[in-house]
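Participant: Taken in sequence, the protein lines are chains A and B. Note that the first sequence covers residues 1 to 221 in the UniProt record's numbering. Note that the second sequence covers residues 1 to 268 in the UniProt record's numbering.
To be clear, the hints were calculated from the coordinates, so they are not data collected in a lab. Worth double-checking, as some hints may not be accurate.
Partial list, computed: chain B residues near chain A (C-beta under 7 angstroms) [said to hold, decoys possible]:
1. 83
2. 102
3. 103
4. 104
5. 107
6. 141
7. 166
8. 168
9. 169
10. 179
11. 231
We put the beta carbon where it would ideally sit given N, CA and C, even for glycine.
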Amino acid sequence: MFNYNFRWNQALNSLPQMLEGALVTMEIAILSMVIGIIVAILLTVCRISGYRSLSAIATTWVEIARNTPALFQIYMVHFGLGSFGIHLSPYISLLLGIAFNNAGYLAENYRGALKAIPDTQTRSARSLGMSAPQAFVHVVMPQMLRISFLPMTNQMVWAILMTSLGAVVAMNTDLYGVTSALNALTFRTFELFAIAAVIFYVITKVITLSARLLAARMFRY
Amino acid sequence: MKSSILAAGLVAATCATPAMADKLDDIISAGVLRCAVVLDFPPMGSRDADNNPIGFDVDYCNDLAAALGVTAEVVETTFPERIPSLMSGSVDVVVGSTSDTLERAKTVGMTMPYYAFENAVVVSEKSGITDEAGMQGKTVGATAGTYEAIWLEEKVKEWGAGEFRPYQNQADVFLALSQGQLDATVSTMEVAQANVKTGNFPGISIVAKADMVPDYVALVTLREEYGLLNFMNLFINQQVRTGRYAELYTKWVGEGEPANLTIPGVYR
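Chain A with its partners taken away, still in its complex shape:
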């Protein structure tokens, strides 16, 4: 049986602290997406470059990022690099861990998007005198980003939710970290985490809705 009396006022007093945590969560998610997108484009270029070594690096990255838990990836950034004397703060460890994961998944999205773009476009661009890099940057990449736009918002939502894994690297300023520190002080577990869940829900909802609006505006013909 669930034996608990809810005391919302006590938990709601902590709302300002939790909202500050939510800002840190969004900041990490956005930065990790920016890094993730840049790296994913580089990985995609490596994969289609035709150089076997570059494409092997990209494939390894994607395989590790997609087939191991994000928790493990974040833990390894902090404690794995730590054992080699590279000490990163919890913030940076979490950011890089999520960015690593984002890059892997996004690179796979881009690969799918590339398959949807007919080869003839590259060939037409080349026949107009563009170099291979020019053809990629001006013709293929814009379409690739458009096709994979909605999957990218999906990854953004994941990035937000993954920030909660920062606890394993002692992250205590993000939404989850703040909530769990408050919980240790007061033991009001269910109120605090219910509030945190609502905040997470609102953030992800706002992001998916604004992405949809943005897509509707940007991708009009």
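Go by the hints and put chain B onto chain A.
Facilitator: Quick look at chain B alone, frame taken from chain A:
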């Protein structure tokens, strides 16, 4: 007529009885006592080579079960999960070195203290810290949700310099300390000594006793379970009275006197 009313009353009274049963009755009739114990917190709780739970808290749970005449079931938990596991009914009591803060007592029921920890300043040898004051402005950390973590975080805020990092478990704190990611931590003396002794964490050492009120820890159950709280209070008294407390101390912590569980000048 009268007798049928009486009979009805009797039936009602018999039926009403089970509804009065409290946790204490439930445990005895179920024949099992489920204790939440933290098992990465040697010597209070850990696992032996065969992965069986061992430690002071494990023995304490077994003793409590024996006193109740039931079998003990140790449910492994982490510090932050102690209360959710109690509230959701997956355990009956928490034997998890839980500090008896007033803030927490608003939510759960605490017995009188069953143990008291002294805390030690443990440092990374590279940091060159030699005492508690030396921690000021450095990167320090402790196990999230513990008494010493709350104390240390408060200190860092007071100093206005340095950084506090709450790791998820004691092993991660010592790993970070050993790697030099943390300069210092505050951890219970017993736990610090046990971990330094294992040799799993090279480059860390205990330099001083932390200047804080001893960390009194209590058994925890639901706040309204007075029957069980009452029983456990007497049980703790009996553990000390019969010498079992001292025996468990010698077994798990080492030679010496276990901490005094009474506070001079005040009733419980």
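Participant: Hey, does the residue 107 of chain B contact hint survive, CB to chain A under 7 angstroms?
Facilitator: Constraint on residue 107 of chain B satisfied, holds at 4 angstroms.
Participant: Please verify that hint: residue 83 of chain B, Cβ, nearest Cβ of chain A, below 7 angstroms or not.
Facilitator: Interface hint status for residue 83 of chain B: holds (5 angstroms vs cutoff 7 angstroms).
Participant: Classify the hint on residue 168 of chain B as holds or violated, based on whether any CB of chain A lies nearer than 7 angstroms to its CB.
Facilitator: OK, holds: residue 168 of chain B within 7 angstroms of chain A, min 6 angstroms.
Participant: Using 7 angstroms as the Cβ threshold, decide whether residue 103 of chain B counts as touching chain A.
Facilitator: Given a least distance of 5 angstroms, the restraint on residue 103 of chain B holds.
Participant: Should the interface hint for residue 102 of chain B be scored as holding, given a Cβ-Cβ cut-off of 7 angstroms against chain A?
Facilitator: Check failed: Cβ of residue 102 of chain B comes no nearer than 11 angstroms to chain A, outside 7 angstroms.
Participant: Answer holds if the nearest beta-carbon of chain A is closer than 7 angstroms to that of residue 179 of chain B; otherwise answer violated.
Facilitator: The hint holds - residue 179 of chain B has a Cβ within 7 angstroms of chain A, the shortest such distance being about 4 angstroms.
Participant: Using 7 angstroms as the Cβ threshold, decide whether residue 141 of chain B counts as touching chain A.
Facilitator: Residue 141 of chain B check passes; min Cβ-Cβ to chain A is 6 angstroms, inside 7 angstroms.
Participant: Go through the hint on residue 166 of chain B and say holds or violated, using the shortest Cβ distance to chain A against 7 angstroms.
Facilitator: The hint holds - residue 166 of chain B has a Cβ within 7 angstroms of chain A, the shortest such distance being about 5 angstroms.
Participant: Grab the minimum C-beta distance from residue 231 of chain B to chain A and call the hint holds if it beats 7 angstroms, violated otherwise.
Facilitator: 18 angstroms, violated
Participant: Min Cβ distance, residue 104 of chain B to chain A: is it shorter than 7 angstroms?
Facilitator: 5 angstroms, holds
Participant: Under 7 angstroms, Cβ to Cβ, is where residue 169 of chain B needs to be relative to chain A, so tell me if that hint holds or is violated.
Facilitator: 9 angstroms, violated
In summary, the structure is inconsistent with hints 2, 9, 11 from the numbered list given earlier, while agreeing with the others.
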